[in-house]
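Undergrad: Chain by chain, the residues:
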Amino acid sequence: MRTLLKKLPERTYKPRKDGLTMVMDKGLSCREAEDMISVAGEYIDLVKLGFGTSYACGNLADKIKVYKFYGIPVYFGGTLFEAFVIRKQFDDYRKALEKYKLEFAEISDGSMTMPHEEKCHYINMLSKDYKVLSEVGSKDANVEIPPEKWSLYMQRELDAGSWKLIAEARESGTVGIYNKSGESNTDIIQEILSKIPEEKIIWEAPLKNQQIYFIKLLGQNVNLGNIAHNEIIPLETLRLGLRGDTFMHFYEMVVK
Amino acid sequence: MRTLLKKLPERTYKPRKDGLTMVMDKGLSCREAEDMISVAGEYIDLVKLGFGTSYACGNLADKIKVYKFYGIPVYFGGTLFEAFVIRKQFDDYRKALEKYKLEFAEISDGSMTMPHEEKCHYINMLSKDYKVLSEVGSKDANVEIPPEKWSLYMQRELDAGSWKLIAEARESGTVGIYNKSGESNTDIIQEILSKIPEEKIIWEAPLKNQQIYFIKLLGQNVNLGNIAHNEIIPLETLRLGLRGDTFMHFYEMVVK
Amino acid sequence: MRTLLKKLPERTYKPRKDGLTMVMDKGLSCREAEDMISVAGEYIDLVKLGFGTSYACGNLADKIKVYKFYGIPVYFGGTLFEAFVIRKQFDDYRKALEKYKLEFAEISDGSMTMPHEEKCHYINMLSKDYKVLSEVGSKDANVEIPPEKWSLYMQRELDAGSWKLIAEARESGTVGIYNKSGESNTDIIQEILSKIPEEKIIWEAPLKNQQIYFIKLLGQNVNLGNIAHNEIIPLETLRLGLRGDTFMHFYEMVVK
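Protein chains in written order, with the working numbering: chain E, 1 to 256; chain X, 1 to 256; chain C, 1 to 256.
Bear in mind the hints are in silico, worked out from the structure with no lab data behind them. Incorrect hints may have been included.
A pair counts as met if it fits within one copy or between any two copies, since identical chains are not told apart.
What the hints assert, rightly or not - DSS-like, lysine-lysine: derived pairs with alpha carbons at most 30 Å apart: (1) Lys6 x Lys68; (2) Lys216 x Lys180; (3) Lys149 x Lys68; (4) Lys256 x Lys65; (5) Lys65 x Lys14; (6) Lys88 x Lys216; (7) Lys180 x Lys14; (8) Lys95 x Lys7; (9) Lys6 x Lys65; (10) Lys7 x Lys65; (11) Lys99 x Lys180; (12) Lys131 x Lys6.
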């Protein structure tokens, strides 16, 4: 099929610098993880074990082995980091990262309040041994962060050593860079884009209209995150203009 | 991981008396049932084969074997009971229970009208041979049962021999103890709680905000039902305060 | 179970002329396809590889083998046809159909504008070698086609050689024969029914309320499409009156 259909938008290949897809795993079995990889492995750049599911699921060590076997980076969701930190157990969190021999770590403050200097200090410490993804934005829909704070925090976290910055949306896509009905907060997004290099940002975009928004705004190779395991292929068709929503957009850009 | 992170809300263990999770299976394959158990088996206290799916699915006998092999109680959804009863085939329903060697049976009147004495009579008969789960509430959003009837019916069903009482919400979470937009009918819930022992009730709570509501109201070890097979681990993180929505709630109760 | 429960609405059997269920596969693994078949194979009359997923997924040849092995017809979603046609690569589309030895082909114009004579010409050409499913309706919610055009287009496509006509709704069920909130456009539906033989139409009905609508309107053996792989068994219970929503409807028609 791929040798037949021509003039599609060009996608980047693994290992990707941009055009990343970060997948949310909130409790897949090892077999389900393998299944996902058999269909969509070439598009999965990062897997996040969402919020505290790493603690609750019964197959953690085995599943991490599956992802490692296929060369797919995997990391613990930021809420787990916060659960350790709020209990004054940061050293135990480091032990968890070592125990499972992870190479990536997420640092966030979406479920608790933390002085931003403290967050940057954690980023700085972990970035010596790990690629750090730091997340900006609250999980609480009632906490509003003004646009200029989003870009300021992101810049400081980059300076502290973050590898990528994650713009919060949750699994539901209804907080942070989106409002309660899932629509884009364009003020925040434009402010971030005016200050922070695009390839440094992973936009959480669990809902289809959010994926379309960012693909139309920033192109097929925008970094997107919190993609459900069964939405990776549909997302890829959006990036390629092979779904109604982006079909004419890319036809006009690439073919015409 | 579990040896590292401390001071989480205490959960009950299998076989549980409270803190039950009842899972809705509406047509899983045997392999999907095994997968679910490999990840979350320790949290699955009951599996309901939802509504009439037991009749329609092509793998009934085999799947019941899978659940039995892993020691997980399984039962037919109440709609199947009603389908037999409305056709005056209650004896055939008993044959179905015997044929598949089940130990649990659900009795409901959510899809048909039935005098409450008749329902209690069925409960009484079946409770001699089975652990009976009886469900209160209509599946029709237009049928409103006043709060004091909920508790009255529940008490009578307990007296008739029910092992647990299920508070109706359907797979969608939009009837019975919830309104059409999925929000809790607190009048009904408070009335039930004032009359019926909490450990006797399983609250159907398919939607995340409903699970959060009951966990905050009644604690991590509340009995919850109609949980989708891929939401068991996310629910467990809510019970443990390892997801944003209950993170601070349990931090303040358990750690602080 | 099936020998015990009597007086259910009569269903057709494979190979079906009506009562068809067309399933949307938007990226299943081979194992997931097998799993679906193990539970619901007897109800799966057609599988559509949705929109451009055939291009993006990594297991296309193997998955087509799985469906063929179980005797289940499989075809490419119409968006893929359109992607070839808009690039003036219709000959390459024929090569794709030949390469994977398919017996069915979908022709649509939901993502691009195409003169209706041209569409009918494609139908005419492909219907010499394939069973053609042609889809009427735009994927764009802002494009409204008046009722009499729906029936006119459908009649012309039948005349051009279509085997079945698909009434567009997308995966979301919010365009074409439904409005933005997923409710039925009864004007369009009644106009189609007044002109086109019912067994020629497959109604896309991904949402439960849409399935209920058509089952109540046209009976248990209505042709329905865009059914998610894990909703085949729940749909079958609706057709059989074994779910609350159609329980009394069929009791009154079949038993009473």
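Undergrad: A separate judgement is required for each hint: does it hold in the structure or not?
TA: Taking the hints in turn, this is what the structure says about them:
no. : hint            : in the structure
1   : Lys6 x Lys68    : between (34 Å within a copy, 28 Å between copies)
2   : Lys216 x Lys180 : both (22 Å within a copy, 22 Å between copies)
3   : Lys149 x Lys68  : neither (36 Å within a copy, 55 Å between copies)
4   : Lys256 x Lys65  : neither (46 Å within a copy, 36 Å between copies)
5   : Lys65 x Lys14   : both (20 Å within a copy, 28 Å between copies)
6   : Lys88 x Lys216  : between (43 Å within a copy, 24 Å between copies)
7   : Lys180 x Lys14  : neither (34 Å within a copy, 38 Å between copies)
8   : Lys95 x Lys7    : between (49 Å within a copy, 17 Å between copies)
9   : Lys6 x Lys65    : between (37 Å within a copy, 25 Å between copies)
10  : Lys7 x Lys65    : between (38 Å within a copy, 28 Å between copies)
11  : Lys99 x Lys180  : neither (38 Å within a copy, 47 Å between copies)
12  : Lys131 x Lys6   : between (37 Å within a copy, 26 Å between copies)
The structure fails hints 3, 4, 7 and 11 (numbered hints given earlier, in ascending order).
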